[in-house]
Amino acid sequence: MVKVDARGDACPLPVVKAKKAIAELNGAGEVEILVDNEIAVQNLTKMAQQKGLVYSAEKLAEREYSVRFTVGKAVPEREEKTEACAPDTRTDTVVVIASDQMGEGAEELGKTLLKAFVFSLTQQDKLPKTILLYNGGAYLTCEGSPMLEDLKALEAEGVEILTCGTCLNFYGLTEKLAVGGVTNMYVIAEKMLGAGNVVKP
Amino acid sequence: MPDGEKIVFCTGGGCTAKLGAGVLSRILEKLPRGEKDPNLLVGYDSRDDAAVYKITEDIALVQTVDFFPPMVDDPYTFGQIAAANALSDVYAMGGEVKTALNLVCFPESMDLNVLGEILCGGAEKVAEAGGILAGGHSIADTGVKYGLSVTGLVDPHHLYANDAGRPGDKLILTKALGVGLICTANRVGEAAPEHLAGAIQSMTTLNKTAAQISRKYAVHAATDVTGFSFLGHLHEMMGGKLACRVDARRVPVLLGAWEAADAFLYTAAGQRNRNHTGPFVRFENVPFAMEEILFDPQTSGGLLLAVAPQDADALEAELKEVGLPAAIVGKILEKEEKQPEITVIF
Chain A
1 MVKVDARGDA CPLPVVKAKK AIAELNGAGE VEILVDNEIA VQNLTKMAQQ KGLVYSAEKL
61 AEREYSVRFT VGKAVPEREE KTEACAPDTR TDTVVVIASD QMGEGAEELG KTLLKAFVFS
121 LTQQDKLPKT ILLYNGGAYL TCEGSPMLED LKALEAEGVE ILTCGTCLNF YGLTEKLAVG
181 GVTNMYVIAE KMLGAGNVVK P
Chain B
1 MPDGEKIVFC TGGGCTAKLG AGVLSRILEK LPRGEKDPNL LVGYDSRDDA AVYKITEDIA
61 LVQTVDFFPP MVDDPYTFGQ IAAANALSDV YAMGGEVKTA LNLVCFPESM DLNVLGEILC
121 GGAEKVAEAG GILAGGHSIA DTGVKYGLSV TGLVDPHHLY ANDAGRPGDK LILTKALGVG
181 LICTANRVGE AAPEHLAGAI QSMTTLNKTA AQISRKYAVH AATDVTGFSF LGHLHEMMGG
241 KLACRVDARR VPVLLGAWEA ADAFLYTAAG QRNRNHTGPF VRFENVPFAM EEILFDPQTS
301 GGLLLAVAPQ DADALEAELK EVGLPAAIVG KILEKEEKQP EITVIF
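One line per chain: the protein sequences are A and B, in this order.
Take the first sequence: its position 102, counted from the start at 1, is 102 in my numbering, and no numbers get skipped.
Take the second sequence: its position 316, counted from the start at 1, is 316 in my numbering, and no numbers get skipped.
Be aware that one or more of the hints could be misleading.
Unchecked claim - Mimicking DMTMM-like on lysine to aspartate or glutamate, the simulated pairs with C-alpha atoms at most 25 angstroms apart in a straight line are:
1) Lys17/A - Asp73/B
2) Lys338/B - Asp125/A
3) Lys129/A - Asp311/B
4) Lys20/A - Glu259/B
5) Lys20/A - Asp262/B
6) Lys19/A - Glu337/B
7) Lys126/A - Glu337/B
8) Lys51/A - Glu259/B
9) Lys19/A - Glu190/B
10) Lys51/A - Glu284/B
11) Lys51/A - Asp262/B
12) Lys20/A - Glu190/B
13) Lys338/B - Asp92/A
14) Lys17/A - Glu58/A
15) Lys19/A - Glu259/B
16) Lys17/A - Glu190/B
17) Lys3/A - Glu190/B
18) Lys145/B - Asp9/A
Source of the hints: derived by calculation from the structure; they are not laboratory data.
Please put together the full structure from these sequences, using the hints given.
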């Protein structure tokens, strides 16, 4: 990892130094910039957002902040830290789908409503960060689901789609999962606790 | 200091050196104000550009002060810009410049000829404004700073408050935006010379002509766009009781500003402006570089006028006729519940 100390530098010098260090990587790699004020952190993260770089920022001490950029294919080490002092453009909403129907009442209506709900998600300006599917919801990410295309479209927009593995096993759907990943109860609990909003149709 | 050694003159100044509005208002709110005087027509309650004190029914005093570190390397040019910027506050109130006093901070070790050039640039602008340079005050300091304390007169009946716009009024901006971004790009050696020249030409232009022309029309409110950026000053113009819609495609932008924003040459002051005013703004399809331009701190920026809709086209045309890059950039609306104060479309 390339380290750049830009403490004591006024804006836009931290950004200029970061750009130079990133260019000098000549490909994949990580760059860490140290700065001494939060405005510089915000200007560095604005650049990362515009360049489409994975970044994280944290406050190390009084007047000491670290901003890390991951360039190329390398996996970020601590992406979750992003919220520490950087504005995140994604929403922190988690959508929980716990059934193959929406609301209580006629089964046919409930299924139609849920399909419409997922389609409506694809039309929103601000997308959820994650969609969690468990119990009857597990059917929706598997072959034969009426909303596979919409879920795939959401996944393509960067929405994380996770289905409960225990549920897939229970319903004998393990081989049929067609969109998103498989998860466990620990992660489900963690995602829900860490969410800004949990939306349950 | 040995002769011939290059003076480190430009440290990133102009209105990018202004303290953030957020920090300031916290302190200003706590200051003791003394007894209310009905003759004080404009104080800092309305966050206006200058203080206005009524002397008689037809005459009020306009007082303002502004100074900052250099934003360009040439001392004479810096003097012109700092003076144009300080004089502008009088024009933003609808007044005429009468007298000005120099404010100077200058290192003892630096060549005094440099100070001479700064003061010369400033004095020329005061003369161009029709004012008298009547004195000044200087302090030995580690860095260079220059500006003016300006006194003007205004007829209280024709005073431009910054927040007296009305729903339906058109918003006219008389200078192009982007000087902060271009000067910052210049500081790191990334501004094209012609782009810097364009920014300097804009900053040394007095708002005198724009103000004179505007007085022929039904202008309800005015301010000058400086350190708090176009959106920051527009936010002050809304005064918590109005809303507006801005068409970003119509906003005049200096050549080179967009490139600087695309090169991520963001200023700290620009980000402070975003933090302070951003929550009042909704952007609809506005490219990020344009957002940065709208938050860009301006030094000696143009006037932002709220003018009656039937007068807007004629005022815009007359401003353009004298060579100003003026444009109708938006419209004032009624404030509505749950709607953003400022909507910017592209």
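We went through each hint and held it up to the structure:
1. At most 25 angstroms may separate the alpha-carbon atoms for a hinted pair to count; Lys17/A and Asp73/B meet this at roughly 22 angstroms.
2. A hinted pair counts as satisfied when its Cα atoms are at most 25 angstroms apart, and Lys338/B with Asp125/A qualifies at roughly 18 angstroms.
3. At most 25 angstroms may separate the alpha-carbon atoms for a hinted pair to count; Lys129/A and Asp311/B exceed this at roughly 49 angstroms.
4. With a C-alpha separation of about 17 angstroms, the suggested pairing of Lys20/A with Glu259/B holds against the 25 angstroms cut-off.
5. Distance check on the hinted pair: Lys20/A and Asp262/B sit about 15 angstroms apart at the alpha-carbon level, within 25 angstroms; holds.
6. The suggested pairing of Lys19/A with Glu337/B is violated, with an alpha-carbon distance near 42 angstroms, which exceeds 25 angstroms.
7. Between Lys126/A and Glu337/B, the direct Cα distance comes to roughly 22 angstroms. Compliance with the 25 angstroms bound is thereby established for this hinted pair.
8. For the suggested pair Lys51/A and Glu259/B, the alpha carbons sit about 15 angstroms apart, so the restraint of at most 25 angstroms is met.
9. Among the hinted pairs, Lys19/A with Glu190/B is consistent with the structure: their alpha-carbon atoms are about 13 angstroms apart, no more than 25 angstroms.
10. Only pairs whose Cα atoms come within 25 angstroms are accepted, and Lys51/A paired with Glu284/B is accepted, the gap being roughly 20 angstroms.
11. Of the pairs offered as hints, the one joining Lys51/A and Asp262/B holds, with about 10 angstroms between alpha carbons and a cut-off of 25 angstroms not exceeded.
12. As the CA atoms of Lys20/A and Glu190/B are separated by approximately 13 angstroms, the hinted pair is consistent with the 25 angstroms bound.
13. Simply put, Lys338/B and Asp92/A have alpha-carbon atoms about 22 angstroms apart, close enough for the 25 angstroms limit, and the pair holds.
14. Using a Cα cut-off of 25 angstroms, the hinted pair Lys17/A and Glu58/A holds, with the two alpha carbons roughly 18 angstroms apart.
15. For the hint pairing Lys19/A with Glu259/B, the CA-to-CA distance comes to about 15 angstroms; that is within 25 angstroms, so the pair holds.
16. For the suggested pair Lys17/A and Glu190/B, the alpha carbons sit about 13 angstroms apart, so the restraint of at most 25 angstroms is met.
17. Between Lys3/A and Glu190/B the alpha-carbon distance is near 24 angstroms, which keeps this suggested pair within the 25 angstroms criterion.
18. Taking the CA atoms of Lys145/B and Asp9/A, the gap is near 20 angstroms; set against the 25 angstroms cutoff, the hint holds.
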